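Number of protein chains: 2
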Amino acid sequence: MNRIAGHYDNGLDRNPANYAPLTPLTFLERAASVHPNVWAVIHGEVRYSWSQTYARCRRLASALARSGIGRGDTVAVLAPNVPAIFEAHFAVPMAGAVLNAINVRSDPAIVAFMLEHGEAKIFIVDTEFGVLAKEAVSNLRAPPRIIALNEIVHPEGAAALAGEQDYEAFLDTGDPAFAWRVPEDEWDAISLNYTSGTTGHPKGVVYHHRGAHLLALGNTLAWNMGRHPVYLWTLPMFHCNGWCFPWTLAAVAGTSVCLRKVEPKPIFDAIADLGVTHLCGAPIVLSLLINASEADRRPLPRRVEVMTAAAPPPAAILQAMEKDGFHVTHVYGLTEVYGPAVVCSWHDEWDELSPELKAQKKARQGVRYHVLDDLMIADPETMVPVPKDSETMGEVFMRGNVVMKGYLKNPEATREAFSGGWFHTGDLGVWHPDGYIEIKDRSKDIIISGGENISSIEVENVLYRHPSVLEAAVVARPDDKWGETPCAFVALKDAGKDTAPEDLIAFCRDEMAHYKVPKSVIFGPLPKTSTGKIQKRILRDRAKQLRAE
Amino acid sequence: MNRIAGHYDNGLDRNPANYAPLTPLTFLERAASVHPNVWAVIHGEVRYSWSQTYARCRRLASALARSGIGRGDTVAVLAPNVPAIFEAHFAVPMAGAVLNAINVRSDPAIVAFMLEHGEAKIFIVDTEFGVLAKEAVSNLRAPPRIIALNEIVHPEGAAALAGEQDYEAFLDTGDPAFAWRVPEDEWDAISLNYTSGTTGHPKGVVYHHRGAHLLALGNTLAWNMGRHPVYLWTLPMFHCNGWCFPWTLAAVAGTSVCLRKVEPKPIFDAIADLGVTHLCGAPIVLSLLINASEADRRPLPRRVEVMTAAAPPPAAILQAMEKDGFHVTHVYGLTEVYGPAVVCSWHDEWDELSPELKAQKKARQGVRYHVLDDLMIADPETMVPVPKDSETMGEVFMRGNVVMKGYLKNPEATREAFSGGWFHTGDLGVWHPDGYIEIKDRSKDIIISGGENISSIEVENVLYRHPSVLEAAVVARPDDKWGETPCAFVALKDAGKDTAPEDLIAFCRDEMAHYKVPKSVIFGPLPKTSTGKIQKRILRDRAKQLRAE
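One line per chain: the protein sequences are X and U, in this order. Under the working numbering, the first residue of the first sequence is numbered 1, with each subsequent residue one higher. Under the working numbering, the first residue of the second sequence is numbered 550, with each subsequent residue one higher.
Some hints could be false.
[What the hints assert, rightly or not] Some but not every residue of chain U turned toward chain X, in silico, with C-beta under 10 Å:
{"id": "1", "residue": "Gly555"}
{"id": "2", "residue": "Leu561"}
{"id": "3", "residue": "Asn567"}
{"id": "4", "residue": "Pro657"}
{"id": "5", "residue": "Ala800"}
{"id": "6", "residue": "Glu854"}
{"id": "7", "residue": "Ser894"}
{"id": "8", "residue": "Asp922"}
{"id": "9", "residue": "Leu977"}
{"id": "10", "residue": "Glu987"}
{"id": "11", "residue": "Ile988"}
{"id": "12", "residue": "His1015"}
It is worth saying that the hints were derived from the structure and are not from the lab. Remember, it's a predicted structure, so these values are computed and weren't measured experimentally. Virtual Cβ for every residue (Gly too), placed ideally from N, Cα, C.
Isolated chain X, as found in the complex (with noise of 0.2 Å):
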C-alpha cells in the first residue's frame, strides 16, 4: 500500500488553481453574492440582508485589521445574541484574528483569567454586561482595548463603559470592501472557546477554519435545514460558536433571529411572525416551551425543528413537545469538538414505535456526523472498543477533523486529551448493537444546568476555602428546570458545628457566578473508597432521592 505512486504524483501538485484552504469565510461571500436581499439577521426593529452584513463585517475586519489585529491575535466578545456577536464570527478571522466569545453568566475572575490567558487585545463588550466587563479587565496588567456595544439602554453598563469606543462608530471607521484574504493554512485558528473542564482554570479549546468549514457543513447534513431556514438564536453563540451555526446560516443563506433573553413569549412570537424554521437549545429551552403560559403561546404555522443537546430528552417533554408541532433532533458533542459531532439519526420505521420507545430511541445520543471521522465506546484504560451489548460501559472516544486543534498554552492538558491518538470525551456509555452509543454517565465531575457546564471541583474549591468545612463533594442533582443543579454534601469541622447550610450558600453566592452555586447543602460524613476517594456514585444517588423525596 506504501509504494511509490508515480505517475500519480508527478506534476499533479497543489496550486492557487486546484487549492484553497478550507475556510466557512467563503459562505459568507457566497450569501452576499448569490442573495444579497435574503434577510441574514433579524433583531426586533432591525434588519440586514446578506448583503449588508457582509458589508458590515468587511468593516469591522477592516477597523479591526487598522487597529493593529492580525493574525493570532485574540478578540474576545462578551455579548448576548445580537448582530454584532453574529457579525464577529465572521468579521474577526476576516482580519486574520481569533474570536473568543466570552460567556455572560461567567463571573469577573474567569472573564479575567480568559482575558490574560487568551491575551484578547480587543474586547467587544454589549452594555447590558458593561460593569462585568470593566471588573475583569480592572486588574488586568495589559487590558484588552474595549469597544462598547450600545445596542440597548443600560444605564449602569453604560456609566461603566463611558469613554469606551462605540461599536458602531468603530464599523465607520472600517472599509465595506475590505480586501480580506482567507487563511493562508486551514489549520490556522479560527476562534477560542473556554471550558470550565473538570479541573479548576477553564481550558482553552482552540478551532480551526478547516473543522469550522466541515462542522458548518455537517450540520446542514446531520438536520434537515432546506433553504432558507429561518433560525431562531436559543443557543448562545458563546457555546461553542453557537455550535457552528453562524457559518452554517451563510452556507445555506438562512436568517438568523436574535433573542436578546430566552424567554417563551418573545420565542412563539418569533416562530409565528418571521416564520422560525429551527432553533436549538439545552433542555432548558424545551422546558421553556411546553411550559409557557396560554398568553406567551401563539399557534406555529408549520412544525419547527429543534436540536437539543447537553442531556437526553425525557419522553414527557418530547410527546408535549411533539404535540404541540416541534420535531425534535438529538445532538450530543462537547466545546472540544466544535459542539455537536454525534447525532441520533433517526429511522423511518422507528415512526411506528410506541411514544415510550420512540423516546428511547430519541434519548440515545447515536451516531457520528459525516465530518467526525471515528467514533467509539471503548475501556478507558486499553482503549480496546467495548462490546455492542447496550452494557458494557466505556468512555466515548472521537477522532477526526471536527475534533479541536488542542488546548491553548496546556501542552500537557493537550496530550492527555490526545493520548493514543483518540480524543478522549470522559462521557461514559454504552454501544448498542445498532451502532448508536447512549451516554449512561457523563464525565464525573461535570453539572450541566441550565445548558452550563459547572466544574464540581470548582466549587469545591470554594467551598474548601470556608473555615467550617472539612471535606466537601459537588455532585448533579435532577432538577425539572435545570436539567441539574449542583447540590453539596460537606463534612464540617468540629470547630464548625453552628454552621448553618444557608451560610455556606451565602459563602459561594460571594465567591462565584451565581448559578454555580449548590442550591443544596447536606451535612454529613463523605463515603469513601478503601483507599480513601470520596466515592461520588454513591453520593449522586443520594442526590437522585433528594429530587424523588
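Starting from the structure of chain X, add chain U where the hints point.
Chain U alone, transformed into the frame defined by chain X:
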C-alpha cells in the same frame, strides 16, 4: 497579516485524533453502519442494502488488493449504469487505487489509448461491451487483466470474454471484512476521467479524495436532496464519476436505481414503482421524457427533481417538464471540475415571473457551488474580470478544491490549464449584474451530442485522412433530438471532385464511434481570416441555418 502567530501555532499540531484525510469513502462506512437496511442499489430484480453494498465493496477491494493492486494503480471499468460500476467507485479507491471509468461509446482505438496511457492493471468489462474491450486490448503490449461482468446474456460479448475471470467469482475471492484504510493523503488520486477536450488525444483528468469528498457534499447543498433520496441513474457513471453522485448518495444514504439503457418506459416505471425523487441528465434525457408516448408514461406520484447540464434547457422544454411534474435545476461544469461546479441557484421571487422570463433565468449557468472557491468571467489574455453588464464576453475561469489535480502525464496541458492561477475552462460567456454567469459560446470546437463531447478536431483529423479532402472544418449543428450533431464543411481536392457526401460519411463510420460521425457534409470553399485561419463562427452560423431550412 504574516506575523508569527505565536501561541496558536504552538503545540497545536495535527495528530491522529484531530486530523483525518478528507475522502468520500467514509460516507460508505457511515451509510452501512447507520442505515444498514436502507436500499443502496436497485437494479431490476437485484437489490442490495447499504450493508450488503459495503460488504461487496470490501470484497472487491480485498480481491483487488490480493491481485496486487495498490496505491497509484489504475483499475479501468467499461460498463453502463449497473451495480458493479457503482461498487467500483468505492472499492477501487478502498484498495488505494485509481478508478478509470471509460465511456462505453468510445471506439476501440480510444479505449486502447486510455488503457495504455492510464496504465490500467485490471479492466472490469460488462459483457455488452466485451467485443469493444477485446478489440481495444488486442494491440496493447501490456494488456490489463480482464474481469468479466456477466450480468446479462450477451452472446457476442460473452464469447469475446470467454475464459476471463467472472466479476462475482472475483468478489468471492475477497474478504467482506477487509480492513481497508483511508488514503494517507487527501491529495491522493481517486479517479481518472478522460476528456475528449479540443485536441486529438483524450486528456486524463485526475481527481483526488479531497475534491471528491467536497463535491459530493456540494451536490447536497446545491440540490434539495433531503433524507434518503431515490436517485435514478440516467447520467452515465463514466461521465465525471456520475458528477460524484455515487459518493453523494453514500453521504445521504440514498438509493441508486440503476438503468442499463436510458429509455422512457423504464424511467417512468422507476418513478412510479420505486419512488424515484431525483435524476440527472443531459437535455436529451429531458426531451426523452417530455416526448414519451402515452404508452410509456406513468403519472408521477410526487415532484421529481431533475438536474441538467451541458446546454441550457429551452423554455418550451422547461414548461413541458414542469407541467409533467418535474422540477429542473440547471448546473454547469466540466470534467476538470468533477462535474457540476456552478448552479443556477433559484431565487424565490423568480417563481412569479412569466414562463419565458423564468426560462431566461434558468438558462443561465449561475453561481459557484459552495465548494468551488472562485468563479469569474475575464478577458482570456489579461485575466481582468469583465464588467457585470450581461454583454461583455469573456472566458469562464474557476479555482478551488474541486478543480482537478491536473492532466495525467501531460505537464504542458496542465500548466496551460492552470496558467495565472485559475483553471481556464475554454468556455465563453457573460456576467450578469446579479453575478450569475451565462455561457454564450462553448469552447469553440466542442460539439455536445446526446450529452457526449465530440472533439471537432478529432473528426477533422479523420476527414483529412480521406484522399479527396483538401480542407475540413467540423462544427455543431443544432438538433432537436441530440442537442447538436457534427456538421462537416469540406473543400475537396481537384482530383476528388467525384466524391459524394455519403462517401465521406461512410469513411468516417469505419474510422470512429458512430455518434461522432458527421450527420451532414457540405462541400465548398471554407471562409478564412486574413491570416488564413478558418472562421468557424461563420460556419456555425451556416450550420444553424441548415437547421432552420
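Hints, verified against the model:
With a least beta-carbon distance of about 5 Å to chain X, the hint placing Gly555/U at the interface is held under the 10 Å criterion. Of the supplied interface hints, the one on Leu561/U holds, with its beta-carbon coming within about 4 Å of a beta-carbon of chain X, less than 10 Å. Contact between Asn567/U and chain X, as hinted, is supported at the beta carbon level, the nearest pair being about 4 Å apart and thus within 10 Å. The interface hint given for Pro657/U is violated, since its Cβ lies 24 Å from the closest Cβ of chain X, which is over the 10 Å cut-off.
The interface hint given for Ala800/U is met, as the beta carbon of that residue sits about 6 Å from the closest beta carbon of chain X, less than 10 Å. Given hint, Glu854/U at the interface with chain X, is violated; its Cβ is 12 Å from that chain's nearest Cβ, farther than 10 Å. Here the hint on Ser894/U is kept, as its CB sits about 5 Å from the closest CB of chain X, short of 10 Å. For Asp922/U, the interface hint holds, since its Cβ comes within 10 Å of a Cβ in chain X; the closest pair sits about 4 Å apart.
Nearest Cβ of chain X to the Cβ of Leu977/U: about 19 Å, over the 10 Å cut. The hint is violated. Of the supplied interface hints, the one on Glu987/U is violated, with its beta-carbon coming no nearer than about 15 Å to a beta-carbon of chain X, more than 10 Å. Interface hint at Ile988/U: violated, since its Cβ lies 18 Å from the closest Cβ of chain X, which is beyond the 10 Å cut-off. Given the 10 Å rule on beta carbons, the hint for His1015/U is violated: about 36 Å separates it from the nearest Cβ of chain X.
Of the numbered hints listed earlier, those contradicted by the structure are 4, 6, 9, 10, 11 and 12.
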